[in-house]
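Peer 1: Listed below, chain by chain, are the residues.
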Amino acid sequence: MEVLWTNDAALTANELRDTLAVRDEPGRTVATTTMLTVLSRLERKGFVARTRDVRPHRYHALLSREEHTAELMHEVLDRSADRDAALARFVSTATAGEAATLRRLLDELAHR
Amino acid sequence: MLAVSAVLGILALALAWPVPVALSRADWPARTPAAALALWQAIALAGGLSMIGCLLAYGSSPEGSLPATVVALAPHLFDGPLPPGFGVAEIAALTLAVAVTLLLLLNLALVAVRAERERRRQHQLIDLLSDPLPGEPRTRVIATPVPLAYCVPGIRTATVLTDGLIDALSPDELGAVIVHERTHLDQLHHLVRLAFRAWHSAIPWFPIANRAERSVVTLTEMLADDGARRAKGDDALRSALERVGNAGESASFADAASGADPDGAMLAARLDRLGSGSNASRDARGPRIAALAASVVLVAVPLAGYAAILGIVP
Chain D
1 MEVLWTNDAA
11 LTANELRDTL
21 AVRDEPGRTV
31 ATTTMLTVLS
41 RLERKGFVAR
51 TRDVRPHRYH
61 ALLSREEHTA
71 ELMHEVLDRS
81 ADRDAALARF
91 VSTATAGEAA
101 TLRRLLDELA
111 HR
Chain X
1001 MLAVSAVLGI
1011 LALALAWPVP
1021 VALSRADWPA
1031 RTPAAALALW
1041 QAIALAGGLS
1051 MIGCLLAYGS
1061 SPEGSLPATV
1071 VALAPHLFDG
1081 PLPPGFGVAE
1091 IAALTLAVAV
1101 TLLLLLNLAL
1111 VAVRAERERR
1121 RQHQLIDLLS
1131 DPLPGEPRTR
1141 VIATPVPLAY
1151 CVPGIRTATV
1161 LTDGLIDALS
1171 PDELGAVIVH
1181 ERTHLDQLHH
1191 LVRLAFRAWH
1201 SAIPWFPIAN
1211 RAERSVVTLT
1221 EMLADDGARR
1231 AKGDDALRSA
1241 LERVGNAGES
1251 ASFADAASGA
1261 DPDGAMLAAR
1271 LDRLGSGSNA
1281 SRDARGPRIA
1291 ALAASVVLVA
1301 VPLAGYAAIL
1311 GIVP
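Going line by line, the protein sequences match chains D and X. Residue numbering for the first sequence follows our numbering, beginning at 1 and increasing consecutively. Residue numbering for the second sequence follows our numbering, beginning at 1001 and increasing consecutively.
These aren't lab readings, by the way, just hints derived from the structure by calculation. Fair warning: this is a prediction, and the values are worked out from it, not measured in the lab. Among the hints, erroneous ones may be present.
[Claimed, not checked] If the Cβ cut is set under 7 Å, some of the chain D residues that face chain X in the computed set are:
| id | residue |
| --- | --- |
| 1 | His68 |
| 2 | Leu72 |
| 3 | Val76 |
| 4 | Ala86 |
| 5 | Phe90 |
Note that the Cβ used here is the ideal one computed from N, Cα and C, for glycine as well.
The shape of chain X in the complex, shown without the other chains:
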């Protein structure tokens, strides 16, 4: 049981620091965003599972499995002597495991509730202020010169455009923007983003969570871009991105491209992919297969650890 704890601990450490740093610096995710997104989710899931599993395995080592430990400790939960073999370290590990689990789950619930409230408010205002765009279902137009496009995900969805945006873009470019937003909605990107948002807000002092959330947001944007490219072509999307991203003065864009501002860097990365053409997708086969295989292995290791902790395998 101590060996299981050690293996899971090493995995948790690796997934908390070197692996996410390496992945967020790699350049292959831009070529195969779907596989990279799967890998990020595997890292987050495996990281959380192995951290909690490491504590559980250590805490239940005197009895050999978690169910046996619960049986041994339950009668003495509030008083009485500790059963033989259990010391302060074991009890602390078990308590910490429960606390971390609760922290992560409660935070997920909290972030989900807040996002839902924000969406409901958005729908109220959108219902009152916007008109439907003819020919495009669930797409609304708001009368304001601010050039803006966004979508409200959830059970009830809406894609919102502004007059300012429609004036600024050609019909093809506008079509690309609409398909981009619809791809977000169809692929349920908000759920992945929500999970990483919750992870980040549960451990805000942890620099990796910030980096992970940023990468996940960029990858979902790239996936939505791919949807728009398939439907409307690279050129329409590129000019739409340049025009909306560049709606103000060119100075702000030059700053952004230098990487000083993370949002600008994200826009630059998205534009970069559009220039590289179709041979990029051929190069992506190796990374894609490697990323998917790594995802499966990453999740399988802590699950095997849990089988040992629960006493299913010796």
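Next up, chain D with everything else stripped away, as it sits in the complex:
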């Protein structure tokens, strides 16, 4: 995921595997099929998308890391009933500071 986030262009499973192999310890390469399994799992969860018009399929991150983080913060701060049952926050008041910071983050993302 980290590699997809730092790469602007979409990558094929093979390219992704090679990048990972260089970055981590050399000599410990995962099989392309493993890579494809992980990618399709990420696709199902909505983290990556693939371009299907050319073979091999090219994968790219659907949202940036910052966008995912903002989304996560949004979910934690959101005081809907289901969230309340699922999580426990240290201080449940959505303080003006938290709200303002989150709003600024979302604005920055929107303007990019």
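Given the coordinates of chain D, assemble chain X onto it according to the supplied hints.
Peer 2: For chain X alone, kept in the frame of chain D given last:
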């Protein structure tokens, strides 16, 4: 059997209105949150049991016990004449008892499934976005300036902190926050909260359920605070609470302390306990023993009623 029904009915009414109102206004729960939490659970359990028991006892009064009633009614479930002694009122009471039981159980299941789904989604995002905090197991850090700490309970647990929080707090304060969250996880507070959440969502029009859920959430926060106090001391926790609760502008906090906003009132109540020092725990012995004794009695009464309904005792 009608006497049993009457006793359970009176108990159900008492537990549905005056008792929870009095308890949510009392000030002793802050001194002994564990006993108060036990009492709230006893009230909810006894209230539900006696409400259903009251209906069952009334509905099965012609036959004298519930098993006998089931035997008498089962052959005529979909057609046929009613057995002697049974009227519309008895049948309505039995139907209502079944309906209330199903409503409560299905709602509990629904709330549990939703919470589990939310947690799974949280874990997915946390796995992708966070890094482990060195030296603290199952604690993750997310890179964002929003100052925030929370925990994801369940079979797989996680305590999540943000960069913004770590920057805002001293190491001692941060330690207090981590112990606070870990106490939530260790004491399985999410299960109690889930039960009261489900109760509230089953009967949302009922003002007491809202009050009960609020009180239970406050008490679990206080218990988690106690864990943090034992580990890191009152001062670290107090300054952490003030800093996180006060991260924005002081105006929002002043509003909150006046009690206009329930979350702010909860924070004010938690801070209040930290100032009162150790003599508070000595005052708490009386209320603690009384609360635990009341819990036992409250649950025992409807259980005795059920023994009568089931025909175990005459």
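Peer 1: If any of the earlier hints don't hold here, list their numbers in rising order.
Peer 2: Per hint list: zero violations.
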